[in-house]
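Number of protein chains: 2
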Amino acid sequence: MKIGTLGEDAVVAVLTRGLPCGKNVRLGAGDDCAVIGGVRDRVWQLLKTDCVVEGVHFLAKEKPPRIGWKALCRAVSDIAAMGGWPKHALITIAVSRDVKMAWLRGIYAGLRKAARRFGVSIVGGETSRSPGPAFISIALTGEVERARCVTRGGGRAGDFLFVTGRLGGSRAGKHLDFVPRLAEARWLTGNFQIPAMMDLSDGLAADLPRLAKASGCGFEIAGDKIPRTRGCMVAQALGDGEDFELLFAVSPSDVQSLEGKWRAKFPKLPLTQIGTLTRGAVRAKRKSKHRGYDHFA
Amino acid sequence: MKIGTLGEDAVVAVLTRGLPCGKNVRLGAGDDCAVIGGVRDRVWQLLKTDCVVEGVHFLAKEKPPRIGWKALCRAVSDIAAMGGWPKHALITIAVSRDVKMAWLRGIYAGLRKAARRFGVSIVGGETSRSPGPAFISIALTGEVERARCVTRGGGRAGDFLFVTGRLGGSRAGKHLDFVPRLAEARWLTGNFQIPAMMDLSDGLAADLPRLAKASGCGFEIAGDKIPRTRGCMVAQALGDGEDFELLFAVSPSDVQSLEGKWRAKFPKLPLTQIGTLTRGAVRAKRKSKHRGYDHFA
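Chains Y and U supply the protein sequences, listed in that same order.
Residue numbers for the first sequence follow our numbering, beginning at 35 and rising by one.
Residue numbers for the second sequence follow our numbering, beginning at 35 and rising by one.
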């Protein structure tokens, strides 16, 4: 069977079943990052790889520094979503022999800019020939205090669901300029008990069910509450993907405090309560008439 | 300027100049692996990425398990070349939607086999769509005792140069079935002071000058001493690449002991002294009449 018919989640589930896994692997395939460390270690290591492919994640005509920025920031966003901070990156680039040196330098300019901004050391990688589209793969390590490591799987029924920023519109260019919510995630895990968190890479419609499923919960959200990028319909906010905002759960007892402190700390970045985790299987409460809800069907 | 005109080493040199690098980065871009750790840490971490591209490193018709085996073993070979052992791998695969699930399962069968053989935990990765050839990138962490960490750069003039196994013939299929010299490298660094080591991935003609240059030395080798795979000419032994044998330097005082103990420990794997590191710039002693020597010109 072709993998296009199966869908990404099903493909990954089959491939990663029963992978060889040693001790000290706290979390293997299936979350934003892998987590490595001893049960009693104060700090755990995070491992992440992420790739961008020409024609899929960026167009050939885009400015190279924006492509480099995006490539590294995607991985930084996953480290942030675990509550951690990034450390060391390795860059693998496969390109045609006909690529201009200036293009590659542009890619690296974007990579360097993102690395400086988020405290990443670029410690190596590989440059290979490819007869096809350009391919950039980032391997990134990070660290997180054991007590602040957040997975997708700790949410409980009754927890409130929040998203940062505004969703949708990535295709109009936002996907090349987004800022990973590293500072925000560190602040969240430093000031609150965050039971479940992830970054929104495939769109809320695809990602929220993953968080709910990992937490053994269903969810209820109201379409009209979803914070939208100016000019975007709900369908775009749900389905465009590549928002790289944070989606997280919070215990009801923390909600008031969180909302007040957030406004004081990040006055320019909206924080929106979009719904709750519920008991039982995944379902969406149909308060909204927006067609975007079909994504959840 | 097109990168094909510049060549890989020049491209990498330009891209990696002045990369952002934090403290505890013992070794950044330029060796087989990056090395991370405190000056006094007993164990350092090794980081490596390596990719294989359809049409460059393997043909579409190859059996998928052999491709998976090769993809992971290439990275294991780099960890071995630093004197370390591999720990955790992340697998990034970009393929067309039309790829069959059976093909991907075959790739993972090869990856799993290599992981079990060399004690690697596969802890995650990513599967992405690609409109072009299949692309498999491996990110691999490893560890090495600080005292046994071997770079390319510690050789001194007068050191003897050795290679394991036989060189050449990778294109006839060996490149899909090779066994990384992990046990051999661990034994070497456990029993001898190895000043410089690397794995042979681009062929002796390309790789030996890199080791010599990193060590600030020249070299002399005798073409007729180079151990060749059965049926291979010297040119192939020098230039085919993808041998994944070890090339290393040894102090003259250790040579006799090394050769004796090696024969007892690894009776089936040849260990060959091919020449020496010399003072000054890179040059090759022209003892051989084989045309392969043109590679060094």
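Errors might be hidden in some of the hints.
Identical copies carry no separate label here, and so any pair may be met within one copy or between two of them.
[As the list claims (entries may be wrong)] Below are the SDA-like pairs computed for lysine to any residue, each with C-alpha atoms no more than 25 angstroms apart in a straight line:
#1 K134 x L303
#2 K147 x G252
#3 K97 x P167
#4 K302 x G252
#5 K247 x G273
#6 K97 x P286
#7 K302 x W137
#8 K134 x E42
Calculated directly from the structure, the hints in this document are not laboratory data.
No experiment lies behind these values; they were computed from the predicted model shown.
**Study point:** Up to 25 angstroms CA-CA - P167 versus K97, copy category
**Key:** both (16 angstroms within a copy, 24 angstroms between copies)
Check your understanding: What label fits K147 with G252 when the C-alpha limit is 25 angstroms: within, between, both, or neither?
Key -> For K147 and G252, neither the intra-copy (40 angstroms) nor the inter-copy (38 angstroms) Cα distance is at most 25 angstroms.
**Study point:** Intra- versus inter-subunit Cα pairing at 25 angstroms for K97 with P286
**Key:** neither (44 angstroms within a copy, 54 angstroms between copies)
Practice item. First find the shortest C-alpha distance between K247 and G273 inside one copy, then the shortest across copies, and answer within, between, both or neither for a cut-off of 25 angstroms. Key: Result: close within a single copy only, 19 angstroms intra versus 52 angstroms inter.
Point to revise | Same-copy or cross-copy closeness of K134 to L303 [CA-CA at most 25 angstroms] | key: neither (39 angstroms within a copy, 43 angstroms between copies)
Practice item. Indicate which option fits the pair K302, W137 if close means a Cα-Cα distance not exceeding 25 angstroms: within, between, both or neither. Key: Close neither inside one copy (34 angstroms) nor across copies (48 angstroms); limit 25 angstroms.
Review point. Is it within a copy, between copies, both, or neither that the alpha carbon of K134 lies no farther than 25 angstroms from that of E42?
Key: between (33 angstroms within a copy, 13 angstroms between copies)
**Study point:** K302 and G252: within-copy, between-copy, both or neither at 25 angstroms Cα
**Key:** Classified as neither; 31 angstroms inside a copy, 60 angstroms across copies.
When the structure is compared with the earlier hints, violations turn up for hints 1, 2, 4, 6 and 7 and for no others.
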